[in-house]
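Asker: For reference, the chains in residue letters:
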Amino acid sequence: GAGVSQSPSNKVTEKGKDVELRCDPISGHTALYWYRQSLGQGLEFLIYFQGNSAPDKSGLPSDRFSAERTGGSVSTLTIQRTQQEDSAVYLCASRSNRTSGDTQYFGPGTRLTVL
Amino acid sequence: AQSVSQHNHHVILSEAASLELGCNYSYGGTVNLFWYVQYPGQHLQLLLKYFSGDPLVKGIKGFEAEFIKSKFSFNLRKPSVQWSDTAEYFCAVNARNTGKLIFGQGTTLQVKP
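In order, the protein sequence lines correspond to chains A and B. In terms of my numbering, the first sequence opens at residue 1 and continues consecutively. In terms of my numbering, the second sequence opens at residue 1 and continues consecutively.
To be clear, the hints were calculated from the coordinates, so they are not data collected in a lab. Possibly wrong hints are sitting among the right ones.
Coverage of chain B stretches by chain A, computed from C-beta distances (three or more under 8 Å per stretch; other residues unrestricted) [stated by the list, open to error]:
1) 44 to 56
2) 100 to 110
Residues of chain B placed beyond 12 Å of chain A at every Cβ, according to the derived structure [claimed, not checked]:
3) V4
4) H7
5) A17
6) S18
7) N24
8) S26
9) N32
10) K61
11) G62
12) N75
13) E88
14) P113
Here the structure is a predicted model, which is why all the values come from computation and not from measurement. For every residue, glycine included, the Cβ atom is placed at its ideal position computed from N, Cα and C.
Take these sequences, add in the hints, and give me the full structure.
Answerer: Below is the structure:
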């Protein structure tokens with residue numbers, strides 16, 4: 001079946017602009033995660049959605065970052081007033097709702113470059 | 001706070017050599033442990049995971065890992081590496097209530113043919 005998809009695959013933007021990154025999880029997966037992979041920081045958790053519960057935003061690095069998940073499926077990560085340090089690969093992952101330890105399936109990522 | 005430490009940042013081996021990548025974690029509660037692999041140009045994918053039971057876990061492509069609770073370790077091993085094992089390897093621990101993964105810094109493995 002289809003895996004996790006993300007768009008765009010690459011995004012180049014100018015400092016100060018807003019960007020939106022999209023994630024389509026595996027159908028039926030109720031849990032969705034965003035992570036960031038950067039040279040200096042490795043792989044970092046950003047935000048977690050589980051069904052209709054309030055998201056866990058504890059990993060968001062600043063209030064310029066926000067995310068939403070509409071209809072329990074597609075998620076959008078928005079970065080406002082982008083800065084050069086936001087340059088990274090943004091990864092989305094989804095898992096089923098059976099247990100929290102179930103495998104997370106990762107998408108290909110969106111490579112964000114802020115000039 | 002949870003943390004994961006991978007001891008080797010860059011490992012270079014010849015084909016058929018044995019591999020062991022170290023991973024230690026810091027977490028006060030019950031954990032699930034994972035090794036993920038990222039082949040060049042590909043997605044992160046699960047190599048193996050430990051939940052409970054037998055501390056020796058076998059994964060895909062001949063990899064295995066051993067959970068040693070007393071040492072807070074989850075080292076990855078493979079008896080004989082192949083050139084196709086060239087990749088970046090990430091150890092991770094998750095919080096059982098949310099499942100969010102805390103990753104180590106990653107180890108780049110380069111296998112020379």
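Asker: Would you pick out the hints that fail for this structure and give their numbers low to high?
Answerer: When the structure is compared with the hints, numbers 3, 9 and 13 turn out to be violated.
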